[in-house]
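Q: Chain by chain, the residues:
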Amino acid sequence: MTSSQRRWVFLAGMIGLVAFLLWGLLGLPGFGHYPGPYGSIINRIALRQTNATGTVSAINFDYRGFDTVGEEFILFVAAAGVSIVLRRLRGEREKSAIDEAADRNAPPTSDAVRMAALVFTGPLVVMGWWLTSHAQTNPSGGFQGGVILATAFILVYLAGEFLVFKRFSPVALTDAVEAIGAGGFVAIGLAAVGIGLAYLTNYLPKGEVAGAVSSGGTIPLISFFVGLEVAAAFILIVAELLEQTLLIRQGSA
Amino acid sequence: MQYFPFVVVAWILAVGLYGIVTSRHLVHLIMCLIVVQSSTYVLLLGVGYVTGAVAPYYFDITVHTPAVDPVVQALALTDVVVEAAVTSLLLAFAIQAHKRFGTLDPQELASLKG
Chain A
-5 MTSSQRRWVF LAGMIGLVAF LLWGLLGLPG FGHYPGPYGS IINRIALRQT NATGTVSAIN
55 FDYRGFDTVG EEFILFVAAA GVSIVLRRLR GEREKSAIDE AADRNAPPTS DAVRMAALVF
115 TGPLVVMGWW LTSHAQTNPS GGFQGGVILA TAFILVYLAG EFLVFKRFSP VALTDAVEAI
175 GAGGFVAIGL AAVGIGLAYL TNYLPKGEVA GAVSSGGTIP LISFFVGLEV AAAFILIVAE
235 LLEQTLLIRQ GSA
Chain B
7 MQYFPFVVVA WILAVGLYGI VTSRHLVHLI MCLIVVQSST YVLLLGVGYV TGAVAPYYFD
67 ITVHTPAVDP VVQALALTDV VVEAAVTSLL LAFAIQAHKR FGTLDPQELA SLKG
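Chain order of the listed sequences is A and B. Counting in the working numbering, the first sequence runs from -5 upward without gaps. Counting in the working numbering, the second sequence runs from 7 upward without gaps.
Hints may be right or wrong, so weigh each one.
[What the hints assert, rightly or not] Mimicking SDA-like on lysine to any residue, the simulated pairs with C-alpha atoms at most 25 Å apart in a straight line are:
| # | chain 1 | residue 1 | chain 2 | residue 2 |
| --- | --- | --- | --- | --- |
| 1 | A | K200 | A | R87 |
| 2 | B | K105 | B | H34 |
| 3 | B | K105 | A | R82 |
| 4 | B | K105 | A | S77 |
| 5 | A | K160 | B | S44 |
| 6 | B | K105 | A | K200 |
| 7 | B | K105 | A | R87 |
| 8 | B | K105 | A | L235 |
| 9 | B | K105 | A | L240 |
| 10 | A | K200 | B | T93 |
Hints are computed from structural coordinates only; laboratory data are not their basis.
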């Protein structure tokens, strides 16, 4: 099939798909006319039940905690998948990370990049930890906190070299942190089963003041483990992708 | 006008799919898949919006203040994480495809098969 034929077949199918989609979407209550009731009910009871001021986190780490376990493991499996797909294949060998062509005329990392990376690394670590450890007051806690923490490590790579990045995030440590993050979430859920409650019941004291560090029961604790898992998974994925540049392919070396 | 966000959803989906079908580069194709998935964010957040309502954060407002649906926001969050994970895996596949076939053009990849 030529590419223009393919395009016509696609356009015909696309018109049908969009027509059906719009037909379905126009049957929804209009924009701004949310019919409820689940969101409205949770908005009314989440603060009373969990003392978490951030309702989205209360849903993610408490009401829909079981779904979030699955979601966390999607990330876990994806990181494992990247490692497997990018493993050293037959005929590939790893080049030493020492620059073999030191005399080539590669531009050094500019001072502006170095400076910006240095300036941002500290605040990013603080911000990532704050988001991760205060899930009960902000949206999504460990998920975005973990990504921001991983970004701090990637800034180290930008400012320095791959070797520095590897020294800051050794694979064995990152692997262990990822496993602890994924396992910790499951363990918190199983602890609830151990004391005779349903899996992932929020069994810790919810605190006195809504939105305080101690409020939310298991919400900040789960968020902490999710943050570890997300940060480690992203560091692993980035490290795997960067390591590809050190592989020499058969025939090209 | 109250259905405009849903029209945007259909448009983003259609544009992304068109990009996938006509793509000549695997990385471009993966980016188009992200565009397709972005339509779900607009749909989720559009469905949960309440006219004149605030974000569902009860730090300095009472629980009786009208707020938008937090459930769809939690779902959109899930969506973002899954998208990041899937994208990284697909990019890894693209790297291996380039190693093996020396090209990232999906149409040439098909003709190299076998």
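Q: So, for every hint listed, does it hold in this structure?
A: Structure-based check of all given hints:
{"no.": "1", "hint": "A/K200 to A/R87", "result": "violated, 54 Å"}
{"no.": "2", "hint": "B/K105 to B/H34", "result": "holds, 17 Å"}
{"no.": "3", "hint": "B/K105 to A/R82", "result": "holds, 12 Å"}
{"no.": "4", "hint": "B/K105 to A/S77", "result": "holds, 16 Å"}
{"no.": "5", "hint": "A/K160 to B/S44", "result": "violated, 33 Å"}
{"no.": "6", "hint": "B/K105 to A/K200", "result": "violated, 53 Å"}
{"no.": "7", "hint": "B/K105 to A/R87", "result": "holds, 13 Å"}
{"no.": "8", "hint": "B/K105 to A/L235", "result": "holds, 13 Å"}
{"no.": "9", "hint": "B/K105 to A/L240", "result": "holds, 13 Å"}
{"no.": "10", "hint": "A/K200 to B/T93", "result": "violated, 37 Å"}
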